[in-house]
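Using the sequences plus the hints, can you model the full thing?
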Amino acid sequence: MIAIVNEQVYIKLDTKYAVDLNTHVYVEDVAEVYCKDESIKKKVKRVKIYTGRDEESYDYIPGDKIIKKILEAVDNIDINLIGGPDILLEIKGREDSSGILQFLKIAFVMLVLFFGAGAALINFYEDVNMSGSIEKIYYFITGVKKENPLIMTIPLSIGTGLGMFAFFSRIFSLSKRRRQEPGPLEMELYLYDKDIEDNILNDLKKN
Amino acid sequence: MFLSFSAGITIGSAAAAFLTLLRIVPRLMQLTKTKSRIKLYEYTIVVSSFFASLIYFTDFSLNASKYISLLIAIAIGIFYGLFASALAEVLNVIPVFVKKFKAKHQLKYIIGSLVFGKVVGALYYWLIFKKS
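As they're listed, the protein sequences go chains A and B. Residue numbering for the first sequence follows numbering that gives the first Met the number 0, beginning at 0 and increasing consecutively. Residue numbering for the second sequence follows numbering that gives the first Met the number 0, beginning at 0 and increasing consecutively.
These are computed hints drawn from the structure, not numbers from a lab. All C-beta atoms, glycine included, are put in the ideal place defined by N, C-alpha and C. You may find that some hints are simply not true.
Pair ranges (Cβ atoms, derived) [unchecked claim]:
#1 A/52 / B/13: 45 to 51 Å
#2 A/175 / B/128: 42 to 48 Å
#3 A/67 / B/13: 51 to 57 Å
#4 B/45 / A/38: 54 to 60 Å
#5 A/99 / B/128: 41 to 47 Å
#6 B/104 / A/52: 41 to 47 Å
Next up, the structure:
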């Protein structure tokens, strides 16, 4: 009597994978496969695990689904997963890195950083005296010494609001993928929740 | 002269460390999708700090139109807004409040009121408080 010995297949999953629109994902894209039998290795590599989408978004492939798909396609194997259980998929189209818009964006960020960092330093020298540093900057630009120049302080106030909004808000974009990215506050909330859960678990374990 | 030089080095590295801690530049890069230009942004901050020190300690003036100062003030304001909110975020106040009041899905209203309050407070300070 001959016992059927299943071939051992080891699969090492990546944690992250970026894929184009309307492109299917195969095992060989997201994982490394180790197996003694070359033909099985080749078969496993060509298993389709994700059907491409025509919309930019984030998605994930759970590890158990990958095992299920491979077991359906290839017989007589044992699968051992190494590495993370899930894969984060980033579905995105070709990015247009050229053009005037990109240049304007970079110029805008540079402008904000240039004057902002400069003003922050001047403010520091002036003992965090905002009106004093504003008057200093106003004098530098116009050459007129004026107390409380409203032409600078009103835009400064509005700009502060804009900056806060830019920092906290989620991104407004046509692409679903960009809108799925969390803002910093949401990230902080998630980390805080996680810390609390860890703490509770730790307390429970002690008793 | 050596004393002031070392003082400058201390101030410069402290300012750079502070900016790095607040993660303003990464946030701006995430918003504008320009991660590849990080070197450019670094040099911008370095050059800007140098010129700011120079402007502060000299009596030099450009004698330009005052409308240029309006644009510059908006840029400074945006940076300060990012700065203030990054600082508030590092201090971890809002997550605690949101947790306490179970207001996870009303987060956008909290942010909205924060922004609104900031602008109103700043305008009050400059227009009414400073006048009297």
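The hints, checked one at a time:
no. : hint                      : verdict
1   : A/52 / B/13: 45 to 51 Å   : holds (48 Å)
2   : A/175 / B/128: 42 to 48 Å : holds (45 Å)
3   : A/67 / B/13: 51 to 57 Å   : holds (55 Å)
4   : B/45 / A/38: 54 to 60 Å   : holds (59 Å)
5   : A/99 / B/128: 41 to 47 Å  : holds (42 Å)
6   : B/104 / A/52: 41 to 47 Å  : violated (27 Å)
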